[in-house]
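K.L.:
In case you want the letters, here they are:
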Amino acid sequence: MARKVGEQTVYFDNKITIAEVSSAVGPMEGNGPLGKDFDLVFEDDCLGESTFEKGECMMLRKCVENLLRKGKFTQSDIDLIIGGDLLNQIITTTFAAENFDMMYWGVYSACSSFSEALQIASTAIEAGVVKRAVACSSSHFSTAERQYRNPLELGSQSKATAQRTATASGAVVLQAGGSGPVITGMTIGKIIDFDRKDAADMGTAMAPAAAHTILTHFKDTNTSFADYDMVYTGDLAKVGLGILSDMLKMHGYDPSGRLNDCGHMLFDCVKQHADCGGSGAGCSSSVFCGHIFPKLKNKELGRILFVPTGALLSTVSSYQKNSIPCIAHAVVIENKKDKK
Amino acid sequence: MDDKAKLRESFEKAAAKNAPKPPYFKHGFAAFTVGGGICVFAQFLINTFQSFGMTYSEASATETIVVIFITGLLTALGLFDRIGRVAGAGTFVPITGFANSIVSSAIEFKAEGWIFGLGGNMFKVAGPVLVYGITSSWVVGIVYYLYLLVA
Numbered sequence: 001m002a003r004k005v006g007e008q009t010v011y012f013d014n015k016i017t018i019a020e021v022s023s024a025v026g027p028m029e030g031n032g033p034l035g036k037d038f039d040l041v042f043e044d045d046c047l048g049e050s051t052f053e054k055g056e057c058m059m060l061r062k063c064v065e066n067l068l069r070k071g072k073f074t075q076s077d078i079d080l081i082i083g084g085d086l087l088n089q090i091i092t093t094t095f096a097a098e099n100f101d102m103m104y105w106g107v108y109s110a111c112s113s114f115s116e117a118l119q120i121a122s123t124a125i126e127a128g129v130v131k132r133a134v135a136c137s138s139s140h141f142s143t144a145e146r147q148y149r150n151p152l153e154l155g156s157q158s159k160a161t162a163q164r165t166a167t168a169s170g171a172v173v174l175q176a177g178g179s180g181p182v183i184t185g186m187t188i189g190k191i192i193d194f195d196r197k198d199a200a201d202m203g204t205a206m207a208p209a210a211a212h213t214i215l216t217h218f219k220d221t222n223t224s225f226a227d228y229d230m231v232y233t234g235d236l237a238k239v240g241l242g243i244l245s246d247m248l249k250m251h252g253y254d255p256s257g258r259l260n261d262c263g264h265m266l267f268d269c270v271k272q273h274a275d276c277g278g279s280g281a282g283c284s285s286s287v288f289c290g291h292i293f294p295k296l297k298n299k300e301l302g303r304i305l306f307v308p309t310g311a312l313l314s315t316v317s318s319y320q321k322n323s324i325p326c327i328a329h330a331v332v333i334e335n336k337k338d339k340k
Numbered sequence: 341m342d343d344k345a346k347l348r349e350s351f352e353k354a355a356a357k358n359a360p361k362p363p364y365f366k367h368g369f370a371a372f373t374v375g376g377g378i379c380v381f382a383q384f385l386i387n388t389f390q391s392f393g394m395t396y397s398e399a400s401a402t403e404t405i406v407v408i409f410i411t412g413l414l415t416a417l418g419l420f421d422r423i424g425r426v427a428g429a430g431t432f433v434p435i436t437g438f439a440n441s442i443v444s445s446a447i448e449f450k451a452e453g454w455i456f457g458l459g460g461n462m463f464k465v466a467g468p469v470l471v472y473g474i475t476s477s478w479v480v481g482i483v484y485y486l487y488l489l490v491a
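First to last, the sequence lines map onto chains A and B.
Last residue of the first sequence: 340 (this note's numbering), numbering continuous.
Last residue of the second sequence: 491 (this note's numbering), numbering continuous.
Take the hints with a grain of salt, since some may be wrong.
As the list claims (entries may be wrong) - Calculated cross-link-like contacts (lysine-lysine; reagent style DSSO-like; alpha-carbon spacing at most 30 angstroms):
#1 K357(B) x K190(A)
#2 K4(A) x K361(B)
#3 K353(B) x K249(A)
#4 K190(A) x K346(B)
#5 K70(A) x K450(B)
#6 K271(A) x K357(B)
#7 K346(B) x K54(A)
#8 K271(A) x K366(B)
#9 K197(A) x K361(B)
#10 K353(B) x K190(A)
#11 K321(A) x K357(B)
#12 K159(A) x K450(B)
#13 K197(A) x K353(B)
#14 K321(A) x K297(A)
#15 K249(A) x K361(B)
#16 K361(B) x K159(A)
#17 K219(A) x K366(B)
#18 K450(B) x K336(A)
#19 K346(B) x K4(A)
#20 K219(A) x K353(B)
#21 K4(A) x K357(B)
#22 K197(A) x K357(B)
#23 K249(A) x K346(B)
#24 K219(A) x K190(A)
#25 K464(B) x K62(A)
#26 K190(A) x K321(A)
#27 K249(A) x K357(B)
Said to hold, decoys possible - Computed Cβ-Cβ distance ranges for the label pairs, DEER-style:
#28 F456(B) x D227(A): 52 to 60 angstroms
#29 G467(B) x R3(A): 54 to 62 angstroms
#30 D44(A) x F456(B): 22 to 30 angstroms
#31 D254(A) x K366(B): 29 to 37 angstroms
#32 P27(A) x G467(B): 28 to 36 angstroms
#33 Y364(B) x R3(A): 53 to 61 angstroms
#34 K36(A) x T373(B): 33 to 41 angstroms
#35 W454(B) x K297(A): 48 to 56 angstroms
#36 G6(A) x W454(B): 54 to 62 angstroms
What the hints assert, rightly or not - Stretch-level coverage of chain A by chain B, calculated; a stretch enters the list once three of its residues show a Cβ under 8 angstroms from a Cβ in chain B:
#37 142-151
#38 156-169
#39 211-219
Keep in mind the hints are simulated off the structure, nothing from the lab.
Virtual Cβ for every residue (Gly too), placed ideally from N, Cα, C.
Generate coordinates for the entire structure from the input sequences, incorporating the hints supplied.
P.N.:
Shown next, in the form of structure tokens:
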């Protein structure tokens with residue numbers, strides 16, 4: 001059975017293995033610094049569909065289909081598909097999951113939906129509820145822009161703190177046993193809200209949530225940066241990553257060389273006009289599946305803490321001048337030769 | 341983490357240190373040159389139309405139509421948002437910004453159909469400008485009328 005340690009951390013006893021991964025991205029992500037790492041790069045960000053929403057749904061569907069093909073799984077091998085996205089009523093995930101004959105759990109945790117899906121799927125596998133599950137998440141620049149911000153063709157200037165929603169999907173197969181990197185533990189986040197209200201500055205709003213989860217994890221498990229090859233956050237981007245790094249230093253942890261952010265890695269911000277970097281539910285999942293997982297698999301990384309962050313706001317809460325509640329969920333992923 | 345106050349204190353310090361400074365001068369310069377350029381171009385149109393024998397008000401109305409048309413075309417071609425990203429207020433404040441806001445909304449919401457999509461949302465961005473523009477001109481009109489009565 002899972003063991004709770006400290007305030008918010010849980011260790012799994014079962015060997016919850018990441019058996020296979022798949023990533024799919026749009027044209028700009030494909031042209032970015034990590035472009036070569038992704039499985040599928042679509043030149044048309046509508047994927048031939050009539051609307052951006054249908055295009056995003058197709059991107060996630062193709063990502064999951066690619067996942068099953070890569071891992072040589074049939075649909076009947078998978079018990080459950082769990083995932084989330086940024087659109088109202090998580091239509092992307094639901095309409096994509098409709099195509100698969102699997103049990104379905106939709107989750108919403110904004111840009112940390114992927115880690116929430118990983119945590120719930122791992123818990124379900126640990127409890128013996130399911131044997132094998134697909135965890136996924138997705139986001140799309142144009143659908144997010146439409147829902148949260150302005151019409152795409154509106155000629156407005158972005159703020160110095162703005163981030164670009166990634167057009168990206170990522171999906172993994174989790175199973176009990178087998179070979180591959182293992183999810184050994186998790187730290188479930190708490191909502192942190194330090195009264196930031198600027199929806200165009202989510203890196204700043206989310207940084208303390210990441211700091212809270214990382215510091216709690218270190219305290220709960222009596223570890224520090226020295227115990228991890230890397231700590232990856234989800235989409236803090238340039239500004240948020242700087243804040244997180246400074247905060248951790250103030251609390252006595254030196255992250256130098258062992259902390260990076262998926263949104264910060266995804267784009268060449270200056271050349272690609274990507275503001276401060278990437279964001280979105282698909283940002284962390286695609287970068288994990290495309291860039292981080294292969295390094296775990298070939299043991300270049302032995303142990304990582306993966307901490308996607310989410311800004312849990314809506315357009316309604318923003319217009320009603322609420323501050324932005326933020327969260328960060330962490331999972332520990334290991335691939336050591338000397339695993340017990 | 342029991343000490344949330346300490347976390348908050350470190351956050352406020354780090355946030356202040358890492359806050360990027362908006363490039364005010366660059367934005368101001370771009371807005372001034374592009375906005376000014378649009379005005380010079382519009383004046384050129386008015387003068388040209390007047391030289392064809394139009395009155396000033398006819399020439400001014402025709403110039404507005406031409407500028408709105410060009411904006412609509414550039415918006416539909418997907419070029420205007422790139423210009424606006426650099427020019428900022430330079431393209432947003434003149435009538436180009438108004439035209440762009442209506443055309444971009446119309447393009448955007450066509451996916452949800454002609455009635456509830458395009459029809460219902462075309463003035464999503466421009467609507468507030470119309471509501472408060474017309475209301476404030478009405479208020480100014482009344483004040484002016486009262487001033488004339490007194491004077």
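K.L.:
Hint by hint, which ones does the structure fall short of?
P.N.:
When the structure is compared with the hints, numbers 2, 5, 7, 14, 17, 18, 21, 25 turn out to be violated.
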